[in-house]
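Trainee: What follows is each chain in one-letter form.
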Amino acid sequence: MDKLLFGVAYYDEYMPYERLDKDVAMMKEAGINVVRIAESTWSTVEPQDGTFDFSHIDRVLNAMHKAGIYVIVGTPTYAVPTWLVRMYPDVLATTPQGQNRYGPRQNMDIVNTHFRFHAERVIRKIMEHVKDHPAIIGYQVDNETKHYNTTGANVQKLFVDYMKEKYKSLDVVNKTYGLDYWSNRINSWEDFPSTVGTINASLSSEFATFQRKMVTDYLAWQAAIVNEYKRPGQFVTQNFDFEWRGYSYGIQPDVDHFAAAKALDIAGVDIYHPTQSQLSGTEISFGGDVARSMKVDASNRGKNYLVLETEAQGFPQWVPYPGQLRLQAFSHLASGASMLEYWHWHSIHNSAETYWKGLLSHDFEPNPTYEEAKTIGKDFARLSPNLVNLKRTNSVAMLFSNQALTGFNAFSFGWGAREKYNDVLRPMYDALYHMNIGVDFVDPSSTNLENYKLLIVPALYAASDALLQRLNQFVKNGGHIVYTFKSGFSDENVKVRTTPQPGIIGEACGITYSQFTIPQQVSLKNDPYQVGKDNNVVKTWMELITPTTAKVLAYYDHPVWGKYAAVTENTFGKGMATYIGFMTSDAVLRKILEDASRKAKVWGPDQQITFPLITKSGVNQQGKTIHYYFNYSAASGTVTYPYKDGKELLTNESIANDKPIKLDAWGVKIVEEN
Amino acid sequence: MDKLLFGVAYYDEYMPYERLDKDVAMMKEAGINVVRIAESTWSTVEPQDGTFDFSHIDRVLNAMHKAGIYVIVGTPTYAVPTWLVRMYPDVLATTPQGQNRYGPRQNMDIVNTHFRFHAERVIRKIMEHVKDHPAIIGYQVDNETKHYNTTGANVQKLFVDYMKEKYKSLDVVNKTYGLDYWSNRINSWEDFPSTVGTINASLSSEFATFQRKMVTDYLAWQAAIVNEYKRPGQFVTQNFDFEWRGYSYGIQPDVDHFAAAKALDIAGVDIYHPTQSQLSGTEISFGGDVARSMKVDASNRGKNYLVLETEAQGFPQWVPYPGQLRLQAFSHLASGASMLEYWHWHSIHNSAETYWKGLLSHDFEPNPTYEEAKTIGKDFARLSPNLVNLKRTNSVAMLFSNQALTGFNAFSFGWGAREKYNDVLRPMYDALYHMNIGVDFVDPSSTNLENYKLLIVPALYAASDALLQRLNQFVKNGGHIVYTFKSGFSDENVKVRTTPQPGIIGEACGITYSQFTIPQQVSLKNDPYQVGKDNNVVKTWMELITPTTAKVLAYYDHPVWGKYAAVTENTFGKGMATYIGFMTSDAVLRKILEDASRKAKVWGPDQQITFPLITKSGVNQQGKTIHYYFNYSAASGTVTYPYKDGKELLTNESIANDKPIKLDAWGVKIVEEN
Amino acid sequence: MDKLLFGVAYYDEYMPYERLDKDVAMMKEAGINVVRIAESTWSTVEPQDGTFDFSHIDRVLNAMHKAGIYVIVGTPTYAVPTWLVRMYPDVLATTPQGQNRYGPRQNMDIVNTHFRFHAERVIRKIMEHVKDHPAIIGYQVDNETKHYNTTGANVQKLFVDYMKEKYKSLDVVNKTYGLDYWSNRINSWEDFPSTVGTINASLSSEFATFQRKMVTDYLAWQAAIVNEYKRPGQFVTQNFDFEWRGYSYGIQPDVDHFAAAKALDIAGVDIYHPTQSQLSGTEISFGGDVARSMKVDASNRGKNYLVLETEAQGFPQWVPYPGQLRLQAFSHLASGASMLEYWHWHSIHNSAETYWKGLLSHDFEPNPTYEEAKTIGKDFARLSPNLVNLKRTNSVAMLFSNQALTGFNAFSFGWGAREKYNDVLRPMYDALYHMNIGVDFVDPSSTNLENYKLLIVPALYAASDALLQRLNQFVKNGGHIVYTFKSGFSDENVKVRTTPQPGIIGEACGITYSQFTIPQQVSLKNDPYQVGKDNNVVKTWMELITPTTAKVLAYYDHPVWGKYAAVTENTFGKGMATYIGFMTSDAVLRKILEDASRKAKVWGPDQQITFPLITKSGVNQQGKTIHYYFNYSAASGTVTYPYKDGKELLTNESIANDKPIKLDAWGVKIVEEN
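Chains as they are written, first to last, in UniProt numbering: chain A, 1 to 674; chain B, 1 to 674; chain C, 1 to 674.
Mixed in with the good hints there might be a few duds.
Any copy will do: because identical chains look the same in the list, a pair fits if it lies in one copy or spans two.
Computed list of lysine to any residue pairs in SDA-like fashion (alpha-carbon distance at most 25 Å, straight line) [stated by the list, open to error]:
{"id": "1", "residue 1": "157", "residue 2": "98"}
{"id": "2", "residue 1": "157", "residue 2": "88"}
{"id": "3", "residue 1": "525", "residue 2": "321"}
{"id": "4", "residue 1": "157", "residue 2": "99"}
{"id": "5", "residue 1": "262", "residue 2": "120"}
{"id": "6", "residue 1": "563", "residue 2": "365"}
Everything labelled a hint here was simulated from the structure, so no lab data went into it.
Using the sequences provided together with the hints, build the complete structure.
Mentor: Written out as structure tokens, the structure is:
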């Protein structure tokens with residue numbers, strides 16, 4: 001980006017009365033310099049089969065251009081029009097719960113040929129129409145795309161084709177997936193039953209992989225169409241989202257983000273999170289770190305990304321306290337965002353998201369949230385040269401894997417367990433965030449593991465021999481890895497390894513086990529992390545570990561299981577591997593990760609600061625180092641500035657090394673080193 | 001009615017052995033003078049298509065007539081026979097969950113033509129057969145009729161016809177309902193998708209209106225058939241019921257009671273409620289007030305009604321304590337009931353309601369409940385001239401609206417909220433009940449608003465401009481209104497108003513707001529209602545109100561939201577409007593309503609008495625005023641009698657002004673002014 | 001059995017690599033002398049329609065035979081192959097939730113003709129192939145067979161045929177089942193609606209009876225096929241299971257165990273239960289007592305049985321503490337098991353039961369559980385002559401009834417109640433277990449009631465007049481019965497009796513009632529069982545009992561219900577009947593049962609010992625009495641040995657009368673009287 005972008009999603013189609021000029025004027029007043037339009041408006045753009053009406057797009061493009069506001073045009077395909085469903089009812093996906101009904105967005109079968117035919121036509125028509133408009137800086141293909149669990153007969157057929165292609169022989173499938181179990185053996189391709197009912201996690205996990213591939217392919221297909229029309233300098237992006245637990249929680253199970261991002265020019269995400277007294281910045285940081293890692297630059301480091309959606313007011317419970325909208329905005333920049341766009345400009349007067357409020361309320365009048373946005377717009381404009389395109393360089397990475405996620409979630413911690421993969425991953429991320437340790441994300445396809453000193457590996461449940469050997473090699477070469485329980489347990493086909501556990505990584509970790517159980521009133525012997533009784537707990541899962549070459553950092557405290565190790569570390573080659581055999585409390589986890597970070601030599605001055613005071617650093621376009629300081633609390637706070645003298649950009653005050661910086665409630669300071 | 005009616009539902013069809021003479025004798029002994037028969041007995045009356053057998057009806061009519069017991073004959077249509085379903089499977093309604101199965105009652109599609117054809121035929125056959133029988137005083141059409149969420153293709157077709165008729169143009173529908181959102185726009189009537197899947201609350205609320213209209217039309221259709229046969233002096237009624245939460249809780253969402261009652265001669269209801277230590281009389285009072293308001297007399301005041309069903313023993317947990325059956329019986333009369341009928345005479349030996357026990361247990365022997373009923377029968381007979389056809393005249397009315405209910409419930413308090421419209425309405429009703437403030441009910445169709453000094457308006461979420469302007473005018477003319485949060489928020493199409501909130505009523509209320517949130521640890525500043533810490537709480541929802549002309553009665557207590565008003569009152573013209581911006585505790589609500597009642601000058605001597613001591617008054621047929629006193633507790637109580645000297649009718653004791661009246665546990669006293 | 005059998009389920013088909021010789025060697029080392037094979041391997045045995053492959057069976061039979069290990073061959077029918085479902089999709093059962101999907105076991109329609117044809121063919125092919133193999137000692141037909149709620153059109157047709165056959169006339173059905181209610185009357189066999197939607201518990205209970213009959217018939221059909229091939233001395237068994245609540249909890253509602261067992265030579269069961277700190281032995285004892293009672297010997301006493309499956313490691317939370325595997329093993333023997341077989345040998349590497357771990361973990365290496373099994377194998381071999389075929393003779397029996405269970409569960413304790421029949425039965429069983437009172441089970445078909453001094457009869461809700469008269473006669477003849485609430489309430493058609501309750505048994509019990517309610521803050525007057533405030537509670541249900549001839553043992557303590565009896569006893573003829581009118585605490589129940597046991601003269605020296613110390617006795621093949629002593633706790637314990645001098649078999653120590661026997665944590669001792 002050539003400058004910081006500050007924007008909103010804008011829907012001229014939804015307006016209850018003529019608003020365009022007034023809205024543009026209010027946008028300008030707020031410093032808004034980009035809008036996203038047109039996604040999810042298929043029924044307006046193509047009101048009947050083959051009849052097109054670009055009037056809303058045209059008038060918005062023209063008005064924005066006149067006002068000097070950039071436009072991102074979205075393809076409209078993530079919500080299908082009524083006529084398409086009437087003509088081709090099979091456009092609605094069949095899921096394990098039956099065929100979808102008309103009404104919601106994202107109810108279609110993304111591999112349905114009628115859908116694809118009409119989606120392509122409407123995209124091409126729009127592109128042909130808008131491609132020369134000067135207001136447009138880029139395109140978003142579809143929106144929050146997933147596979148929506150489409151599992152009809154056509155999908156099953158594609159899956160069987162995929163399996164034939166991948167395995168050639170059913171004997172291999174039967175053996176690899178253990179299909180002899182419960183008479184599930186498939187002895188002829190014709191017999192291949194729908195995966196919908198399968199109780200075989202090897203098969204269902206492969207189907208999940210196939211489903212994610214459908215998303216990757218679908219986005220690549222759309223991007224290729226748009227690429228035919230886009231001008232040099234324009235970008236194609238997608239609005240990726242995260243596992244949703246009422247807010248953006250964790251790794252998205254239904255999309256392989258790194259694979260899907262390959263077809264795009266720049267990564268885009270939406271990030272939604274609690275505010276008011278629950279505002280912590282964690283989701284902004286997490287979502288940003290994932291988004292930044294989706295695409296890497298020439299040095300194999302993450303790139304800047306777009307926040308295509310985040311809340312202004314959002315849910316009723318998210319109306320921001322004074323200062324929070326600013327704090328959030330700069331937090332996105334500190335993670336490497338080059339654009340911040342609110343969903344949405346105005347609150348919508350009908351339908352599902354009536355209570356997902358925009359920057360404006362339903363009355364279109366200025367309100368406290370809008371007033372605060374005006375100050376952000378002003379600061380973004382003024383500080384854009386200093387803040388845009390921040391480069392971050394981290395020494396720590398988290399290794400996530402959708403293959404591991406799917407396999408882990410198939411079994412979790414046993415019948416009826418509520419916890420999932422992200423329940424293991426997020427506490428590790430949160431602990432690092434609280435210690436101000438910056439992280440990137442890598443997945444099994446990443447080629448840049450060697451950039452890092454320390455890898456954090458939660459629940460790498462399903463993984464190929466090659467990946468695990470590569471991780472062993474990473475340690476041997478001097479890297480440090482922290483593994484949790486269940487890592488290395490099964491191969492990439494969710495077949496449990498037939499060797500003592502944790503299989504291949506047992507070598508680097510210097511441990512072995514063959515039994516595990518659910519802890520009941522188990523703690524760690526002698527409270528080794530000094531966290532006190534309430535925190536010194538072994539939760540949910542415990543592996544009965546025996547060290548081979550490892551040093552035991554903690555033993556279980558239990559009359560029967562007390563002889564087994566709970567946390568170990570092992571020197572292997574030039575590196576070290578830490579293994580955590582149980583579900584920890586947050587306090588214990590933080591101590592383990594602090595210990596590993598110190599040993600991996602990624603512990604520095606930023607670690608003197610802890611949550612709710614947060615710092616993020618990077619290098620700007622002029623090569624100067626920028627230090628952000630955030631206060632995620634209602635009480636003011638102070639940090640001691642440990643770097644070269646610099647200037648606080650919001651206030652223009654000088655900041656000297658080793659001197660205190662005061663942070664107001666929900667406050668932000670930005671220091672540029674001289 | 002010419003006398004107080006005391007009765008039971010009676011099913012000769014269900015008897016395990018010949019009982020009729022014995023049952024009639026036991027009824028006579030209990031003072032029972034009316035029975036309801038025949039509803040839900042279609043398969044007995046018409047055992048095969050076109051074959052009729054009236055023997056059960058005949059023998060009961062004859063036996064009752066001989067014994068001097070009146071009979072209400074129910075049409076049998078609310079449970080369909082097996083042969084009808086075999087012949088026309090489409091008689092079973094298709095709902096969003098699929099097609100209904102045979103077995104339960106109320107599983108049919110009330111607009112299905114096969115159902116209608118056969119229902120009409122069996123009704124006409126019964127009417128032709130019984131119309132001249134002297135035992136019959138009236139007819140009940142169907143039973144607890146609702147639309148049972150029938151949503152099959154035929155219903156959708158009728159709905160689209162209804163929409164065409166109402167709106168003519170789809171452009172209007174698209175605009176009014178905001179269908180451009182998520183590509184839901186309908187550009188051709190042929191494209192109109194089933195409403196079952198819609199996420200548009202404007203559309204689903206209109207569909208709900210249409211569904212309630214189906215009920216109104218269906219009951220009018222049945223009543224018209226019966227009217228062809230009924231004799232002068234006979235009535236047609238329906239057994240309406242309420243929102244069911246294990247007992248009769250609130251406004252019935254699926255029926256427009258006032259509209260549906262127009263086709264009937266007299267309102268009828270069933271009222272079921274907890275007893276034992278939970279007996280409070282609230283549901284008897286609430287259900288009675290709604291029923292009495294269903295039809296108005298020449299002076300635009302509510303009329304007497306029939307309690308067609310209430311429990312004798314009911315659920316196992318409802319077996320009444322000694323005295324409670326009497327307390328309940330007179331409570332119904334005090335609300336204006338002219339008839340009290342138990343469901344049912346004998347406990348049924350098979351099937352779903354085996355544990356919904358009648359006046360008799362399964363053994364048909366006298367039991368304590370039956371013994372107590374005998375005393376009621378005796379008192380009803382003796383006091384009938386004093387108590388029948390009581391006229392009640394209230395100064396306070398609650399304005400309810402099924403349109404508001406549907407719109408409110410579509411969003412409630414946000415994703416995952418449990419509360420519904422009745423959770424706002426009932427606490428207001430209960431507070432008034434506890435203060436012995438008698439209320440009527442009005443709905444948007446009512447023409448008698450001007451009868452009242454004080455209107456209580458819970459959550460009038462969806463309302464037309466005309467209704468809100470009328471309410472403003474009501475205040476201007478000297479009336480008092482108490483509104484809660486969310487009132488005035490959207491128009492009659494569940495489209496949020498584009499003006500500052502609360503829209504049109506903002507003028508009378510003298511307030512404005514554009515933001516709202518979910519309270520977290522919020523109370524009212526300085527405990528203005530003196531209710532103590534536990535009760536001084538802001539729950540569930542809060543609007544961030546700024547007064548324009550209003551006086552602030554309470555502010556929120558919160559570090560950020562403390563500048564906004566929570567409760568306001570505004571003098572407007574000759575009247576006053578109170579606005580409550582949040583979900584209150586019961587204690588705060590009572591204080592607000594007491595304050596408003598005093599200001600509206602509806603506070604009088606009855607308000608010296610408070611729950612569990614309850615009083616209700618009215619004027620009897622001789623023009624004398626009757627005062628009922630009830631003790632809804634296990635401890636005895638005393639009230640000071642504030643009216644003209646009179647006579648306690650149960651004991652014949654004289655009662656002097658300003659003298660105490662003692663009430664036993666679960667006791668009742670009835671004073672007739674001299 | 002000629003010796004104690006100790007075994008595992010073994011699946012050569014599932015092996016990730018060639019294991020057979022190694023596995024046999026490890027089995028021999030553990031003393032394993034029997035394996036069960038082949039059940040659920042249809043797709044391996046018959047990979048395509050009519051193509052058979054017995055190689056896995058052959059190689060296992062040969063290897064086992066060579067090693068001197070017996071084999072039980074299972075028919076493979078409880079999991080269907082993919083090709084069968086592709087060819088005949090109707091093989092998958094249609095249940096009230098729709099048609100089953102392919103994937104899980106037990107998804108088929110056991111009366112489907114395509115299923116039956118192919119099941120018979122594969123069974124015959126296997127039998128022809130293996131019938132002469134010397135390793136085979138017996139056959140298991142199917143596995144954990146139930147009806148899987150198959151309710152498709154074909155099942156409905158069979159049910160109507162069954163009803164025609166049973167009742168001849170629909171008039172009888174309508175009357176008996178009360179089908180006039182809610183117009184459910186059936187006036188023509190053609191009209192008979194699917195029972196799936198019925199709300200009539202008489203009809204649904206008869207359907208449940210019919211469903212259980214389908215299981216009985218299906219197992220008899222399989223057994224008859226196998227019987228054509230089996231050699232003299234070989235047995236046919238079935239692996240029955242229990243109501244599953246995460247472990248083997250109670251009476252199996254879907255199978256009439258006693259009826260189904262008639263077609264078998266020996267009873268078999270699986271028993272799964274919690275371990276670690278929750279190990280109590282209750283399920284081992286309960287399941288064993290039921291299994292032993294399934295078939296009776298010439299003296300009308302229960303026979304020895306096979307434990308075809310129980311856990312080694314099982315669920316992660318069940319990994320046994322040291323000593324527990326031994327404790328469990330001998331507990332099975334003490335209840336009369338002649339065989340103990342773990343499910344399964346090795347933990348499975350893919351699919352649903354990956355975390356249901358076997359004797360070996362996934363790594364096939366010796367582990368602590370396997371090591372402990374080796375000691376069991378050794379002791380079993382050494383002590384087999386002393387311990388095999390233990391005969392137990394009890395004076396107490398529990399009368400259970402699947403008819404009562406179904407009827408009770410249809411209503412339970414009212415709308416929304418969670419409790420079921422087994423929630424009444426199990427606490428009674430547990431109380432007896434805790435007091436070391438040995439019990440057998442009888443059901444309404446049992447002809448050996450007169451063997452017992454004391455019958456425990458929980459919630460005999462639905463029962464024929466004949467059964468109840470027989471129970472009255474049992475008392476009259478000198479027996480003692482303890483009944484709970486709801487016994488005798490309805491006839492065998494779930495029609496409530498029209499007499500005062502508890503109907504026919506009221507005569508023996510000397511009581512009557514016609515009302516019942518749900519207790520709220522009710523206790524027993526004056527804490528008659530001296531159990532203290534927390535235990536002296538009346539829960540869930542209470543009948544308002546008036547004694548006719550009974551003595552009242554306890555009254556309710558409640559301001560209104562205090563005049564009614566809660567527990568009564570009545571001398572009737574030479575015997576006595578105790579009646580419990582409410583749901584008790586465990587403490588009260590134990591006191592009532594202790595009292596009844598003393599009065600029934602079944603109280604003896606074993607009752608000096610109480611849980612967690614457990615004792616079981618029996619007579620071995622040499623006619624010597626064996627006393628087992630178990631310690632189900634982590635603390636050591638001591639019992640005083642009250643019998644003739646003997647020898648502790650595990651240690652060979654002499655044990656003298658009246659001397660202490662010390663039991664380690666989770667310890668076991670076995671005394672053989674001299």
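Trainee: Within, between, both or neither: how does the pair residue 525, residue 321 come out at a Cα-Cα threshold of 25 Å?
Mentor: Cα proximity of residue 525 and residue 321: across copies only (19 Å, versus 44 Å in one copy).
Trainee: Could you figure out if residue 157 and residue 88 sit no more than 25 Å apart (CA to CA) within one copy, between two copies, both or neither?
Mentor: both (19 Å within a copy, 19 Å between copies)
Trainee: Go through the copies and call it for residue 157 and residue 99: within, between, both or neither, with a Cα cutoff of 25 Å.
Mentor: both (17 Å within a copy, 21 Å between copies)
Trainee: Reference check for the pair residue 157 and residue 98, CA-CA at most 25 Å: within, between, both, or neither?
Mentor: both (17 Å within a copy, 23 Å between copies)
Trainee: Tell me, please, which holds for residue 563 and residue 365 at an alpha-carbon limit of 25 Å: within, between, both or neither?
Mentor: between (67 Å within a copy, 19 Å between copies)
Trainee: Within a copy, between copies, both or neither: where do residue 262 and residue 120 come within 25 Å Cα-Cα?
Mentor: The answer is within: 20 Å in one copy meets 25 Å, while 55 Å across copies does not.
The earlier numbered hints are all upheld by this structure, with none contradicted.
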